[in-house]
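Generate the whole structure from the sequences, applying the supplied hints.
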Amino acid sequence: MNDVVLDVQGLSVDIATSRGSLHAVRDVSFDVRRGETLCLVGESGCGKSMTALAIMSLLPTAARRTARRFSFLGEDLNVAGEQRVNDLRGNQMAMIFQEPMTALNPAYTIGDQLMEPYLHHRRSGVQQARERAVELLGKVGIASAGQRLNQYPHQLSGGLRQRVMIAMALMCDPELLVADEPSTALDVTIQAQILRLLADLQQELGIALLLITHDLGVVARIAHRVLVMYAGEVVEEGPAREIFATPHHPYTRGLLACIPTPGRTVRGGKLGSIPGVVPSLVGAFEGCGFRERCSLAQPVCQRTVPVHASPTGQSWRCIHATIAA
Amino acid sequence: MSELIAAHALTRSFSVNAGMFRRRRTLRAVSAVDLTCERGDVLGIVGESGCGKSTLARMLLGLIAPSSGTITLDGEDIRNIGRRNLARRVQPVFQDPYSSLNPRRTIASIVALPLDVQQIGSARQRRKRAIDMLERVGLPSRHAGSSPGQLSGGQRQRVAIARALVMQPEIVICDEPTSALDVSVQAQILNLLLDLRREFHLTYVFISHNLAVVEHIATQVAVMYLGRVVELAPTASLFTNPQHPYTRALLASVLTPEPGLGIPDTGLGLAFPDPLNPPSGCPFHPRCRERLAHCSATRPQLGRTAQGIVACHLYASSAQGPSA
Numbered sequence: 001m002n003d004v005v006l007d008v009q010g011l012s013v014d015i016a017t018s019r020g021s022l023h024a025v026r027d028v029s030f031d032v033r034r035g036e037t038l039c040l041v042g043e044s045g046c047g048k049s050m051t052a053l054a055i056m057s058l059l060p061t062a063a064r065r066t067a068r069r070f071s072f073l074g075e076d077l078n079v080a081g082e083q084r085v086n087d088l089r090g091n092q093m094a095m096i097f098q099e100p101m102t103a104l105n106p107a108y109t110i111g112d113q114l115m116e117p118y119l120h121h122r123r124s125g126v127q128q129a130r131e132r133a134v135e136l137l138g139k140v141g142i143a144s145a146g147q148r149l150n151q152y153p154h155q156l157s158g159g160l161r162q163r164v165m166i167a168m169a170l171m172c173d174p175e176l177l178v179a180d181e182p183s184t185a186l187d188v189t190i191q192a193q194i195l196r197l198l199a200d201l202q203q204e205l206g207i208a209l210l211l212i213t214h215d216l217g218v219v220a221r222i223a224h225r226v227l228v229m230y231a232g233e234v235v236e237e238g239p240a241r242e243i244f245a246t247p248h249h250p251y252t253r254g255l256l257a258c259i260p261t262p263g264r265t266v267r268g269g270k271l272g273s274i275p276g277v278v279p280s281l282v283g284a285f286e287g288c289g290f291r292e293r294c295s296l297a298q299p300v301c302q303r304t305v306p307v308h309a310s311p312t313g314q315s316w317r318c319i320h321a322t323i324a325a
Numbered sequence: 326m327s328e329l330i331a332a333h334a335l336t337r338s339f340s341v342n343a344g345m346f347r348r349r350r351t352l353r354a355v356s357a358v359d360l361t362c363e364r365g366d367v368l369g370i371v372g373e374s375g376c377g378k379s380t381l382a383r384m385l386l387g388l389i390a391p392s393s394g395t396i397t398l399d400g401e402d403i404r405n406i407g408r409r410n411l412a413r414r415v416q417p418v419f420q421d422p423y424s425s426l427n428p429r430r431t432i433a434s435i436v437a438l439p440l441d442v443q444q445i446g447s448a449r450q451r452r453k454r455a456i457d458m459l460e461r462v463g464l465p466s467r468h469a470g471s472s473p474g475q476l477s478g479g480q481r482q483r484v485a486i487a488r489a490l491v492m493q494p495e496i497v498i499c500d501e502p503t504s505a506l507d508v509s510v511q512a513q514i515l516n517l518l519l520d521l522r523r524e525f526h527l528t529y530v531f532i533s534h535n536l537a538v539v540e541h542i543a544t545q546v547a548v549m550y551l552g553r554v555v556e557l558a559p560t561a562s563l564f565t566n567p568q569h570p571y572t573r574a575l576l577a578s579v580l581t582p583e584p585g586l587g588i589p590d591t592g593l594g595l596a597f598p599d600p601l602n603p604p605s606g607c608p609f610h611p612r613c614r615e616r617l618a619h620c621s622a623t624r625p626q627l628g629r630t631a632q633g634i635v636a637c638h639l640y641a642s643s644a645q646g647p648s649a
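Chains as they are written, first to last, in this note's numbering: chain A, 1 to 325; chain B, 326 to 649.
Think of the hints as simulated: they come from the structure by calculation, not from any bench.
Idealized CB from N, CA, C, for every residue including glycine.
Among the clues, some could well be false.
Cβ-to-Cβ under 8 Å is the rule here; a few derived chain A residues that face chain B [to be verified]:
no., residue
1, Leu149
2, Gly217
3, Leu271
4, Pro279
5, Val282
6, Gly283
These stretches of chain A come out as covered by chain B in the derived footprint (C-beta under 8 Å, 3 or more residues) [claimed, not checked]:
no., region
7, 189-196
8, 219-227
This is the structure:
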């Protein structure tokens, strides 16, 4: 199984707060393979962005990461020092952030910012880095790339800036690309273009893509496999088709019922909704995090919840092995 | 036809700085928009950012004055109605429930503020009405003394809705009311808005970039592009049979949760036009797949088709009205 680029088992992120330890990510396990798109989906506060930052070793100082296994291309990153992580980040593992407005430095030209990781990691000459930048701007669909290099971020539209971000992430041929809500700040028309570009590049370059989003529409169209997160935990995972066709976990089912979808929901009719709010993740927590909002909850949901699996590769963390539709 | 609120040739320009040593330039955020919304309708307005949706909303609320053109409410020019009377009849719900509520006031006093301003009833009656309205939107009275900071995003948006409805307005202008919310909360708010509309016989102008949401809630939909309405039709026909190439591209780019369909190619290209320097002729022509030779020369007028109203040369033969 040398196709596995990233293998994470039992990842937890705890954040020290004045009220105690906040368990933002709890015992999350997954792997991402070459040429595969894995989507982490969930609502705000479910721990999906913290998972991404933990993988990139970019967590805020108050947060502490622990993992039973954290291996990148066979290398144990649990024991890797800061220097080693710095060598990998922006090189073999790269990240695309949500806000291309804030992720680019307004004081430097996009050429400078594109070339920086290449100059640093490859120790190449400026001319070589420049050629690589032009090549990648072309690849992400930006015309007259040579002139664009001298422009500043404010001279580009949001869609173009996000293309620059993608090009920057690809400068050093990464094996793993982590994209945190890469299309959320964009208009729908531009969103479709950016996702198409990401999917095409990912196939062409055989990258392992870990995409984080709250948008189930995006997940349905781009993901090979899906992890549904709720309150810091993975509640359901499996191949995208199965997750959307036969969601098992009550949260996944509830989430899908919330989205107005032509043909499935009645125009002007009642949408499904999930009552209640996400539980506090501060302090000790046991049992199913969704139980207080779940219509199928039982007293046993307060205890450790089993994980069920289907032959199609789907698994879900719930006391119910099957749910009558 | 009982048209409740209508815009007639509504235009709003802003003077913007193009650079330190350059002359100020004029940006036309909304250009010659004609719209009508009948009593009881939900008029959805969709378009990409910068198309003028929010400027239009602020004009309909009387918050900014049009550069030219008029807005009528029940046939009366809103300039003759007066700010305070207009506020009794038209109320807003804004996008961001974090910045639209005063963090230093309690929920009950936020909701009672419109009544205070209008000097309706005694202080006790105003508080009672505010608390009743909060309960109606799903916030139990124990929250009345909370400050916005103690509430979640969805609860805050409920407060904003209660504040808009406490005056019993005829029209609520919702500018991206669910865009800042999670999908499960978005569904709760949409359900609430639909219930309230029936209960209080409300008319909504519902602005959103989320086409699935607009399709769900609206009865009529206007599509805007670079400050102009390019298509207006009843919701069902707009979504099943879009006429304008821009509407078609917009609908094609919606990602519904259906795996296996892949990511659509919108064919819109990279070039979003500069609103300071809009393209000649049809503003959409540089991105249009179906453009004709004269699209860059003459701007198509809004003309009636079997579906609704559309501004596109493709339908010129069936369109009526003056040709420019």
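Hint check results:
1. Leu149: violated, 17 Å
2. Gly217: holds, 3 Å
3. Leu271: At 4 Å from the nearest chain B Cβ, A/Leu271 passes the 8 Å test, so the hint holds.
4. Pro279: Hint violated; A/Pro279 Cβ to chain B Cβ min 12 Å, cut 8 Å.
5. Val282: violated, 16 Å
6. Gly283: violated, 19 Å
7. 189-196: holds (count 7)
8. 219-227: holds (count 5)
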